[in-house]
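Visitor: Sequence:
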Amino acid sequence: MSGDLGLPRHPLVLGAARSGRAAARALLEAGVEVTLVDDAPDETVDAPCAIVAPAAVDVGEFDVIVKSPGVPSDHPLLIAARALDLPIWAEVELGYRLLPPGARVIGVTGTNGKTTTTELVGAMLYAAALPHVVCGNVGTALCEVAVHLPQGGIVVCELSSFQLENIVSFHCDAAAVTNITPDHLDRHGSLEDYERAKLRIFETQDDNDIAVLNDDDPRCADLSRLPGDGEIVRVHGADAEVYGFADGLLLGDHNRENVAVAAALVQAVGVSLECITAAVHDFVPVPHRLEDCGSVAGVQFWNDSKATNVDATIKALTAFPDGAVRLILGGSDKGADFAPLATALPGRIRRAYLTGPAGARMHETLTEAGVDAVLCEGLAAAVQTAARDAERGEHVLLAPACASFDEFADYVARGEHFRALVVALGAA
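Numbering (my numbering), first residue to last: 1 to 428.
These are calculated hints, taken from the structure and not from any lab test.
No experiment lies behind these values; they were computed from the predicted model shown.
Estimated spans, in silico, between C-beta atoms of each pair:
id	residue 1	residue 2	range
1	E33	A369	52 to 62 Å
2	D247	A381	33 to 43 Å
3	D222	A427	48 to 58 Å
4	P131	V412	24 to 34 Å
5	E368	A50	53 to 63 Å
6	Q151	L7	14 to 24 Å
7	V423	A56	44 to 54 Å
Even glycine gets a Cβ: it sits at the ideal position worked out from N, Cα and C.
I would like the entire structure built from these sequences, with the hints used as guidance.
Guide: Laid out in structure tokens, this is it:
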């Protein structure tokens with residue numbers, strides 16, 4: 001179906017970050033005239049065409065807006081477009097329309113685990129020698145790879161709620177939601193609206209398609225009906241043992257769930273149990289997701305910087321059943337409810353080391369619940385204090401439950417700084 005869908009004649013691409021640049025470049029290569037707009041036109045590099053400011057365009061002159069996922073829905077140009085009933089597409093909608101006929105799409109979304117699950121799907125397809133590309137929110141825009149997909153190839157696409165908000169015809173032959181817990185509520189407004197955006201991944205499915213739900217997640221388990229007509233397949237983390245989870249490098253209940261979801265997705269395109277098991281055995285954890293950073297003086301250090309919400313942090317702790325954990329929490333404050341941490345942490349960690357504005361807010365909540373918690377002036381101080389406190393055989397875990405913007409550009413920069421701090425400890 002994808003190759004039969006039309007392209008716009010006069011599109012406006014809004015947002016000149018990675019996916020916006022990829023969309024503009026793909027349209028230009030298809031012979032379509034493009035106007036690329038960004039709020040900071042002078043700060044964008046490596047653009048395929050001139051970039052103009054929003055004030056310089058009239059949305060009424062265009063037939064569609066292709067929106068980068070980082071552009072908020074209340075951007076003035078989007079408000080004006082909706083007033084004119086002008087179509088607004090996500091970059092993945094455009095990328096889907098550029099796919100060759102016969103391409104198959106496997107889509108993965110969820111609050112946590114979607115990158116690991118997406119990469120697991122790619123590893124399983126590789127083990128089965130099936131031609132594929134891994135793209136989307138994981139790093140490479142769909143528009144960058146769509147026209148280069150080999151005949152009969154499979155697209156494995158990680159999808160955020162921001163991307164799914166503006167799909168129209170985008171269709172997954174097999175799609176999954178890993179879990180749904182509160183996140184990005186500053187953008188979506190409510191958990192219900194956030195869930196509705198996530199479930200759009202199933203909206204265009206028909207009865208030949210597969211819709212995978214992780215039934216270990218309470219909100220997924222409660223879903224009795226989905227948008228679209230895909231066949232619902234429910235999985236559990238315990239299913240991962242069938243695929244040799246215990247013999248691989250992944251840790252934690254959340255990764256069991258990720259493996260079970262990925263396996264269900266690839267079975268829908270014919271991957272064998274043997275190939276799934278081989279992929280799980282050889283799979284190396286994705287950076288910044290419960291990543292082993294080595295040991296110093298008998299203390300093991302773990303980087304889970306991507307644990308940017310409360311549920312992800314609680315899931316990470318399942319990898320350490322002995323409770324010998326020095327947990328680094330905090331960062332910028334998204335207004336999350338930290339009460340679940342107060343319930344989950346007692347008896348499961350030795351001490352919490354709190355940083356940033358969110359850490360300051362956590363302190364009262366955790367100490368009232370009997371959690372030993374100390375405030376630290378930034379990540380470096382937290383690592384140094386935790387390392388000093390830790391005894392041989394314990395773990396220092398960075399799983400912040402918060403975004404990183406108080407000190408760092410993103411969770412990647414935070415994770416890389418954590419790694420460097422661990423290396424410095426070993427050299428001291």
